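Chain by chain, the residues run as shown.
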Amino acid sequence: MAIDSHTVRRIAALARLDIPDETVGHRANEMATLVASLDTLGEVKDLDTISPNPVPRRLDEERAPPLGSFPDPNRVVDTSGALVVPPMKKPR
Amino acid sequence: MDALVTAGAVRMGSRRALDVVNGALRRAEAMADLGAFIHLMPEHARKRALEVDALVAANRNPGRLAGVPIAIKDNIAHAGHPLTAASRFLDGNTATYTATALRRLEAQGAIVIGRTNMDEFGMGSSGEYSSWGATRNPANPERVPGGSSSGSAAAVAAGIVPIALGSDTGGSTRQPASFCGVVGLKPTYGRISRHGLIAFASSLDQIGPLTRSIRDAAVATAVMAGTDPLDSTSLQAPMNMPNIATPPSAKGIRIGMPRQTWSEEMPVHAPLTECLRNLESRGAVLVPLDLPALDTALPVYCVVSSAEAASNLARFDGIRIGVCQTRDTVSETVIASRTEGFGPEVQRRLLLGTYALSEGLSAQLYRRANAARIALRNAIDRAFSSVDVIVTPTAPCAAFPMGSRIDDPLTMYQTDIFTVPPSLTGHPALSVPAGTLDGMPIGLQLIGPNEDEASILNLGMVITGR
Numbered sequence: 055m056a057i058d059s060h061t062v063r064r065i066a067a068l069a070r071l072d073i074p075d076e077t078v079g080h081r082a083n084e085m086a087t088l089v090a091s092l093d094t095l096g097e098v099k100d101l102d103t104i105s106p107n108p109v110p111r112r113l114d115e116e117r118a119p120p121l122g123s124f125p126d127p128n129r130v131v132d133t134s135g136a137l138v139v140p141p142m143k144k145p146r
Numbered sequence: 100m101d102a103l104v105t106a107g108a109v110r111m112g113s114r115r116a117l118d119v120v121n122g123a124l125r126r127a128e129a130m131a132d133l134g135a136f137i138h139l140m141p142e143h144a145r146k147r148a149l150e151v152d153a154l155v156a157a158n159r160n161p162g163r164l165a166g167v168p169i170a171i172k173d174n175i176a177h178a179g180h181p182l183t184a185a186s187r188f189l190d191g192n193t194a195t196y197t198a199t200a201l202r203r204l205e206a207q208g209a210i211v212i213g214r215t216n217m218d219e220f221g222m223g224s225s226g227e228y229s230s231w232g233a234t235r236n237p238a239n240p241e242r243v244p245g246g247s248s249s250g251s252a253a254a255v256a257a258g259i260v261p262i263a264l265g266s267d268t269g270g271s272t273r274q275p276a277s278f279c280g281v282v283g284l285k286p287t288y289g290r291i292s293r294h295g296l297i298a299f300a301s302s303l304d305q306i307g308p309l310t311r312s313i314r315d316a317a318v319a320t321a322v323m324a325g326t327d328p329l330d331s332t333s334l335q336a337p338m339n340m341p342n343i344a345t346p347p348s349a350k351g352i353r354i355g356m357p358r359q360t361w362s363e364e365m366p367v368h369a370p371l372t373e374c375l376r377n378l379e380s381r382g383a384v385l386v387p388l389d390l391p392a393l394d395t396a397l398p399v400y401c402v403v404s405s406a407e408a409a410s411n412l413a414r415f416d417g418i419r420i421g422v423c424q425t426r427d428t429v430s431e432t433v434i435a436s437r438t439e440g441f442g443p444e445v446q447r448r449l450l451l452g453t454y455a456l457s458e459g460l461s462a463q464l465y466r467r468a469n470a471a472r473i474a475l476r477n478a479i480d481r482a483f484s485s486v487d488v489i490v491t492p493t494a495p496c497a498a499f500p501m502g503s504r505i506d507d508p509l510t511m512y513q514t515d516i517f518t519v520p521p522s523l524t525g526h527p528a529l530s531v532p533a534g535t536l537d538g539m540p541i542g543l544q545l546i547g548p549n550e551d552e553a554s555i556l557n558l559g560m561v562i563t564g565r
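Chains G and V, in that order, give the protein sequences. If you count the first sequence from 1, position 18 lands on 72 in our numbering, and the numbers rise without skipping. If you count the second sequence from 1, position 127 lands on 226 in our numbering, and the numbers rise without skipping.
What the hints contain is simulated information worked out from the structure, not anything from laboratory work. Computed from a prediction, not measured in an experiment: that's the story for all the values here. Idealized CB from N, CA, C, for every residue including glycine. Check the hints yourself; a few may be wrong.
Said to hold, decoys possible - Here are some of the chain V residues that sit facing chain G, going by a computed Cβ distance under 7 Å: (1) 230; (2) 395; (3) 433; (4) 434; (5) 437; (6) 446; (7) 449; (8) 451; (9) 453; (10) 454; (11) 467; (12) 478; (13) 509; (14) 511.
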């Protein structure tokens, strides 16, 4: 995709940023240069056999303690260990 | 003076914590021109010092780091104190809780004397992107200290504090350590809890210490390390400590040198190679490596880190968090607040990250980058079947002149070309001072097997002698 002023404005809107008119052209050139530097990603081979897993796997298999084990003096549980939501008072 | 020596003196009663802290505060004030600190906390520091001295007087355990003055990067939460990530967007923001890593240091008697300057939200490699002014390199004030943990590196290099906390996403602890001539450690991903660290890229961020000695880095990391129920990515397995009491030996250590990172055209090649030849003369074995996957690391990092940053910084809307620029509608208020609040480098990365995640491009860029990341991790893990430690220059250059790269983002990003691979793969990595280039410090990066900080810390002690 070519990066022009229209693209910059569209991406800026998604990022919830306002790019002034006088700098849109500069931003477009800058982004085009940065994106061009990412072209080497297209040359990477043999990626189809690797399933994307963005977070590096830890050697240990244990997971963090379940939420229910967090110390919380205000927590109320029923006999199954589930959190009990306090009943709401009916509005007058 | 090293942290362990200071703590030993305070524990023995031969030095008062209050005197140690007052000394650090005086040095910080005397060197204010460095721009290392955003916020000094003399009242808090002296109060804590008196508490430590009272424990010593009562023959109670004041902690392993009793009375040691420390500094923390301005993206690490400390309850009741400012937390701005060096951004005007968070001007006036106060932390409501304390980061787990900092709580553990304070529990061992360490005393925070101030919050250090940084590149805004951790995005930068020079220390010039702070909303509160640039930091300068203590070795030469006309040069950058590196980034993004610029103030922490400068504070340690200038001798203000023996330990400062940084955060490392793509090299932000190691690169300024190299530029300032101090030790900087990025532990294994998950070794230190990220609870209380303002998120930049959550799959990459790690808090790490900057120190003047390997021993101090080892003890500080061990104190901070450990599983944390408030961070589900924190490691369960404990950290193996290096042997800091007995000087280690280089004999038999297999040191891998990826040819992709040792070009003779690099200015740092000659002085760092001399350091490696010295290790070889002391019994280490240098092993050439070929890791072509390293060539993709910087583009992968640019995509992954900016995409995750775009997601993490979406919470800053000027309504729930941040300085509000009120307009007629909610949408206009959010846009104005973010545009006014974020600096140019943050906006640049948000645009790149949003672009990488946008419809029609996410498969081409983001998913491809993550797959290449796994391939890089597998390649480095395979390399560790032949070597014990992998070494690269920490940065391809020494500290550059202030203002020389601020308008050239691509060249600025190239400064991190060697630090981003272990950030992407999660392996522990350490920068140690290993020589000079044109009078400026340069660092050698040691990369260790996953969850094995001890190997790189031991080799670091062989190189530095401390």
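Hints and how they fare:
no.: 1; hint: 230; verdict: 16 Å, violated
no.: 2; hint: 395; verdict: 6 Å, holds
no.: 3; hint: 433; verdict: 5 Å, holds
no.: 4; hint: 434; verdict: 5 Å, holds
no.: 5; hint: 437; verdict: 5 Å, holds
no.: 6; hint: 446; verdict: 6 Å, holds
no.: 7; hint: 449; verdict: 5 Å, holds
no.: 8; hint: 451; verdict: 6 Å, holds
no.: 9; hint: 453; verdict: 4 Å, holds
no.: 10; hint: 454; verdict: 5 Å, holds
no.: 11; hint: 467; verdict: 5 Å, holds
no.: 12; hint: 478; verdict: 11 Å, violated
no.: 13; hint: 509; verdict: 6 Å, holds
no.: 14; hint: 511; verdict: 11 Å, violated
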